[in-house]
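K.L.:
Chain by chain, the residues run as shown.
There are 2 protein chains.
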Amino acid sequence: MKATLLNAARSVSFEEVADPTVKLPTDAIVKVSASCVCGSDLWHYRGINEVREPMRIGHEFVGTVEEVGSEVGTVSVGDFVIAPFTYGDNSCAHCRAGFNSACEQLGGWGAVGRDGHLADGAQGEYVRVPLADGTLVSTPEPPQASMVPSLLTLSDVMGTGWHAARMARVERGSTVVVVGDGAVGLCGVLSAARMGAERIVAMSRHEPRQELARQFGATDVVAERGEEGVQIVRDMTRGVGADAVLECVGTGQSMQTAFDVLRPGGTVGYVGVPHGDGLPIGQMFAGNLNIAGGVAPARAYLEELRDLVLAGEIEPGRVFDSTLPLPEVAQAYAAMDERRAIKVLLQPG
Amino acid sequence: MKATLLNAARSVSFEEVADPTVKLPTDAIVKVSASCVCGSDLWHYRGINEVREPMRIGHEFVGTVEEVGSEVGTVSVGDFVIAPFTYGDNSCAHCRAGFNSACEQLGGWGAVGRDGHLADGAQGEYVRVPLADGTLVSTPEPPQASMVPSLLTLSDVMGTGWHAARMARVERGSTVVVVGDGAVGLCGVLSAARMGAERIVAMSRHEPRQELARQFGATDVVAERGEEGVQIVRDMTRGVGADAVLECVGTGQSMQTAFDVLRPGGTVGYVGVPHGDGLPIGQMFAGNLNIAGGVAPARAYLEELRDLVLAGEIEPGRVFDSTLPLPEVAQAYAAMDERRAIKVLLQPG
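So the sequence lines, in the order shown, correspond to chains A and B.
Our numbering applies: residue 1 is where the first sequence begins, and numbers increase by one.
Our numbering applies: residue 1001 is where the second sequence begins, and numbers increase by one.
Don't read these hints as lab results, they were simulated from the structure.
Incorrect hints may have been included.
To be verified - Label-pair restraints from in silico Cβ distances:
hint, chain 1, residue 1, chain 2, residue 2, range
1, A, Arg96, B, Gln1144, 47 to 55 angstroms
2, A, Trp43, B, Gly1239, 25 to 33 angstroms
3, A, Arg96, B, Asn1049, 43 to 51 angstroms
4, A, Arg52, B, Gln1253, 44 to 52 angstroms
5, B, Arg1234, A, Arg205, 40 to 48 angstroms
6, B, Gln1331, A, Ser91, 32 to 40 angstroms
7, B, Asp1307, A, Arg96, 51 to 59 angstroms
8, B, Ala1145, A, Ser91, 31 to 39 angstroms
9, A, Arg238, B, Gln1331, 27 to 35 angstroms
10, B, Glu1050, A, Glu53, 49 to 57 angstroms
As the list claims (entries may be wrong) - Covered stretches of chain B, going by a simulated chain A footprint (3 or more residues, C-beta under 8 angstroms):
hint, segment
11, 1099-1112
12, 1254-1268
13, 1289-1301
Unchecked claim - Derived contacts from chain A toward chain B, CB cut-off under 7 angstroms, selection only:
hint, residue
14, Phe99
15, Ile232
16, Met236
17, Thr237
18, Pro274
19, Pro280
20, Phe285
21, Ala292
22, Gly294
23, Ala330
Backbone N, C-alpha and C define an ideal beta-carbon position, used for all residues, glycine too.
Build the full structure now, drawing on both the sequences and the hints.
P.N.:
Written out as structure tokens, the structure reads:
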């Protein structure tokens, strides 16, 4: 089969690699029907996270089960399945508590796992899925093509935006600020709206993203950044601050903004991989400014979000503003890197 | 009147100072019937927080109202009252949300406030109380002498331990670890027990404090510190970690221990003034290890805790293992500094 390789910073190729096979009786092989590029892939693409040798990449995919090992019981050949951005057993103490991203058997796509075998990257034609019963969630029947983009977002960005809102304790009537207008931030807006937030301020300075934020439920958009943006949001809340802030970027500045617009006793729900200089502990302590979050347990939310998508209640797939054939994956990276696209969907070419 | 002055590191005196008077119609004058020395006073006493000039000190007191300004309506001359360790209006947006420690009119004892006048330190004979209606809480009748120590803890240490447990989201059935065996940590144990925790591990290496922790509801005591202590707690929880951790110290090591024993998705409730090097953000993000807390809104909990004390449901006053006449306040500081006493109660001499 063919799959994507990130060879070095800004060097992406689509090449012949070994076909995946069932290695363990708990494995499944999935034929990928849609995958995509993630903002977190860009940390590697841009060389911020070092690329020491060519790596298989991509961690978001949906597809059809082609083959299952002898111990796989919850999915069958022919099922349409959604995979979360990490795999695991969905049965250990951490998974049972809803924190699958801390699974005792946790593994990541595109890397050799604890089982000694490669779990393929998602930006390829096929993927070997370890622990298939714990990892994959199927749909009752093959979905309409129009549903596929939204189901694909459940792999990562929608589950991650949902996690930010959950961890920030958004509830009916909340005033919420979303820092970050990437796909995760936009899904955070959608999640906060779904959870009943009364006021949702999207901090975004890109016109098409502002527009999508409004469609997803943002009541206000603030284009200014840094201290200027903070002052505008504080004025909007009559100096009190927001009940909940979703931090969906991960830089030092975005995290500082998140705390600066939060009210005492409120919570920053953060899901952007932290690349800043730490947390402002003195400010946090003085103001009872709390923080909760981390790597999203996308698997924990899959069934609930799948049902919302299939019922037409949410349409997170609108974050995809571009579609390319998988063999043109290098162009997808370039488009996202240059912010010409919010998120690019990749289809078999 | 006479009051305590901290002149420089390790120099405490009890001296004649100006008698307080009603300066504003919202003031009350309280005759102090009990005060005490706080662990946080020791940050100054030990010179860790700089003492630039002689300062009035003490922020925990109960007493009897001697005089009220013309606009004071909720307390009357002769009332027995409890004061929280900060004063405020109890009516602004932050107070109404239960975060009185972020009150828009917040002030501290022993310092000149926003109103331009001194609010006396609590380790003295009388205190001018600004914003008396928002600050003071009275008892239905003068309490029995045996109740006074417990009511005094509501000024700070019991309210602060309660806050740690609340922010850590302790609930019925929780497994809780309490880091710190000072008065706040011990009150944290008592709070967790009251909130229905099933297992409470007190990390303490001092025999009398271990004993009191057990009396307050600790089911286990771990004397080891650092990595050794962490391993013991992790083994106790079969490698999973605690649902909630109360961080009641504020050093870098105690904070690290708190995160190291926490389960993914759990929360560190922290109330020790942070004196460490920041937070382990990478570890927190990877494990969804959350943190909530800060300066306790003691005022928000006063009525509820007062009623529990008066009903005999909790007896936090047992943290006082020593009583001294107020004029001997310097000895109280020395005893706490040298850990000869957990907490010293000061009575009019």
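K.L.:
Quick check on a hinted range of 43 to 51 angstroms for A/Arg96 and B/Asn1049, using CB atoms only.
P.N.:
holds (45 angstroms)
K.L.:
At the C-beta level, are A/Trp43 and B/Gly1239 separated by a distance inside 25 to 33 angstroms?
P.N.:
holds (31 angstroms)
K.L.:
Looking only at beta-carbon atoms, does the pair B/Ala1145, A/Ser91 fall within the given range of 31 to 39 angstroms?
P.N.:
The hinted range 31 to 39 angstroms is violated for B/Ala1145 and A/Ser91, with Cβ atoms some 57 angstroms apart.
K.L.:
Do three or more residues of the segment 1254-1268 of chain B come closer than 8 angstroms to chain A, measuring C-beta to C-beta?
P.N.:
Per the Cβ count (4), the hint holds.
K.L.:
With respect to the beta-carbon atoms only, verify the hint that A/Arg238 and B/Gln1331 lie 27 to 35 angstroms apart.
P.N.:
Violated, at about 49 angstroms.
K.L.:
Can we keep the A/Ala330 interface hint, with Cβ of chain B closer than 7 angstroms?
P.N.:
violated (30 angstroms)
K.L.:
Verify the interface restraint on A/Thr237: the C-beta must sit less than 7 angstroms from at least one C-beta of chain B.
P.N.:
violated (9 angstroms)
K.L.:
For the hint on A/Ile232, just tell me whether its beta-carbon gets within less than 7 angstroms of chain B.
P.N.:
violated (19 angstroms)
K.L.:
At least three residues with a C-beta closer than 8 angstroms to a C-beta of chain A: is that true for the segment 1099-1112 of chain B?
P.N.:
Holds: 3 residues of the segment 1099-1112 of chain B have a Cβ under 8 angstroms from chain A.
K.L.:
With a cut-off of 7 angstroms, does the beta carbon of A/Gly294 approach a beta carbon of chain B closely enough for the hint to hold?
P.N.:
holds (4 angstroms)
K.L.:
32 to 40 angstroms was suggested as the range; check whether the CB atoms of B/Gln1331 and A/Ser91 agree with it.
P.N.:
This hint is violated: roughly 59 angstroms between Cβ atoms.
K.L.:
Given a hinted range of 47 to 55 angstroms, is it respected by the beta-carbon distance of A/Arg96 and B/Gln1144?
P.N.:
Holds - the Cβ-Cβ distance for A/Arg96 and B/Gln1144, about 49 angstroms, lies within 47 to 55 angstroms.
Comparing the model with each numbered hint stated earlier shows that hints 4, 6, 7, 8, 9, 15, 16, 17, 19, 23 do not hold.
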